[in-house]
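Participant: Residue numbers (this note's numbering), protein chains in the order written: chain A, -9 to 328; chain B, 1093 to 1182; chain C, -15 to 277.
Keep in mind that the hints were calculated from the coordinates and are not lab data. The structure displayed is predicted, hence computed values, not measured ones. Built from N, CA and C at the ideal position, the CB exists for glycine as well. Not one of these hints is a red herring.
Okay, the calculated beta carbon distance ranges per label pair:
| hint | chain 1 | residue 1 | chain 2 | residue 2 | range |
| --- | --- | --- | --- | --- | --- |
| 1 | A | Ile85 | C | Glu213 | 29 to 39 Å |
| 2 | A | Gln83 | C | Leu117 | 46 to 56 Å |
| 3 | C | Leu117 | A | Ser5 | 26 to 36 Å |
| 4 | C | Phe158 | A | Ser5 | 26 to 36 Å |
What follows is each chain in one-letter form.
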Amino acid sequence: MFIERRILDVSKIESFLENLGLKLPKKIDYTVGVFYGKEIVGIGSISGNTFQGIGVDCRFQGEGILGKIITHLIKKTLEMDNDEIYVYTKPNQSINFESYGFKKIGQCELAVLLEWSSKGIKDFKESLRKLSLDKPKETSCIVMNGNPMTIGHLELIEKAAKESPWLYIIVVEEDCSLFPYDIRIKLIKEGTKHIKNISIIPGGQYIISSLTFPSYFTREDELVKAHAQLDLDIFVRHIAPELNIANRYVGTEPYCEVTSYYNECMKNKLERFGIKVKEIPRIKVNGDIVSASKVREMIRLGKVKETKRFLPETTYRFVISKEAEKIRKKIKASDSRH
Amino acid sequence: MKIQNVVMAGSLESNDVLVTLRPTDNDKLFINLESIVQKQFANRIKKIIDDMLNEFNVESGDIHVQDRGALDCTLRARLETALSRAEEGR
Amino acid sequence: MARIRRTMLFVPGNNPGMLFNGCVLGADSVIFDLEDAISLGEKDSARILVRNALETLNYNGTEIIIRINAINTSFWQKDLDMIIPKNPNIIMPPKIESKEDIIEIENYITKIEERDNLVKNEIKLIPLIESALGVENAFEIAKASSRVVALFLGAEDLTANLGAKRTVEGKEIFYSRSRVVIAAKAANIQAIDTPYTDINDEEGLIKDSKIAKDMGFDGKAAISPRHVEEINKIFTPSYEEIEYSRRVIEAIEKAEKEGKGVISLDGQMIDAPIVERAKYVISIFENVKGGRY
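Take the sequences, apply the hints, and build the full model.
Facilitator: Encoded structure:
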């Protein structure tokens, strides 16, 4: 007899997952365990709007335990008044979730991303399509974080806008950056007011930042590959077609290995789908390459005034403002790369 | 009643049935039945669903029923559970 | 004659497969569980499913017990509202600590019986004693109502309550077991022992069941169908017990025929408790083995 019970003891969750070669998810909101007598034989957690750390003891596979976990977590989600769930899973497990109404929205060799939502990507694509109705039939895009927006970003945007009939700037919406999303997008809008042929749009749930990609889910060395491929798969299947994107502009990446790997994958994948990737060399100021991470590092070291040469006026004005005090403090206190 | 939020009852295990109710954006009523005994029993199952929807006065919604060989009384139980939850606004 | 309850198998109330197959697994009673086996968000679902099961199914003589939710929850009354009209044999209220608990539940059941014009007092109670206070008050609980037909000891919650560790030898629940048996027999009702929770330890199960039988329990609960057969074997009277009981009955009949007032057998005085026991053993034997050993 299998009984489902909430598990509150994190060490129990961790040890069960460890035995399956899975890591403990960060920030767990709820965990259900399937018990056979006193023994845990299956486990699954909700973290925000994703299901994570789902595993079944190999002695009990094929007994519907996975189904119990999935059903329980879906019902719990509904109880918590959410109606949107995301799951990353290995491709051979995808079918288990699809029976419960999950839809595949991205796929790569190592992972599948599924979504359970009545609105979800369908509505997102609809909104993109509506947006594109009155725009030219061949457009360009830049996907950016803008943490914060630098003159390097501005240069890239200006170049792309000059070379394209229309430019979409897609902003990563995940709030895992030191500058929060609403500030980032505000600075982008302000810094590009002078450019007429652009639309600045939120990336929604569908731009996968490497921070949100679950590290519990696969090995360290496969992580970056899986994240890049999945993100790009979603881009070419769902986002690019709705916006009629023919070109994607990106800055060269001299520092971050993850980003430079991503750019390589991007060139590969997008060309196969008929989208050109334009890699523009980063600009330099007095021999220093302009990068947002450098700007954040300077703020961290208290050298706020010295960021001026790297930032458009609109961004700089914000960075030194009283309004940004909380952000400056946070940056000083953090040792995060992002 | 109109289905106004997403509600689930039951499961996909053997002998059970998973009932998922969703709101529709037009005011229509959709019934989608998947059953492992579709050929033999679809009509009977549909009748049970219709009767239950009538009992709860359901005017609109997306009714998805995934049957895994449930007895009639199980199907009725899961439908009643889902519809009661929908009524309560769960 | 008391109903035979060698085994009581727990079945999760929200699981159709198990609910509808529960009765072919060989247990004398099945317990449809609305309490611990059901997560909070599914209490309504289990309740409705169990109600439908009671309505529709033919249980072929297996006793149906419903474990409702505890009286300190918001669920127990809804459980009874839905279940009582469908005539289960027994209601098993968990976490019973005093006679007042029983009275409260009984009053509620009676109200439903009156409201719905049901036969009164047919539905019985088997309270689950799983705390120190419950053990202390076991006798008053046993006597709290004529509906109470057995006491059931739940060791898992009890040992947690005691701050003790549950072991195979069972020293930590020895007193509680004894106390519950005494209370039950003093009140002339049955005593049912706690289930063995290690599904894979058959040896431990057998040891634990033998301890319970030897202490005077009439039966034992089980949480796995795999345990039912073993427990049945242990709580079924042995050949010796049956033979002895047969001889007791013969001695009584002979004495009655000869008009003798005092009967003895094998140097032991045969009086009422021994007669009762003998009749009970024979009835188990006849009912479960069809009169053949």
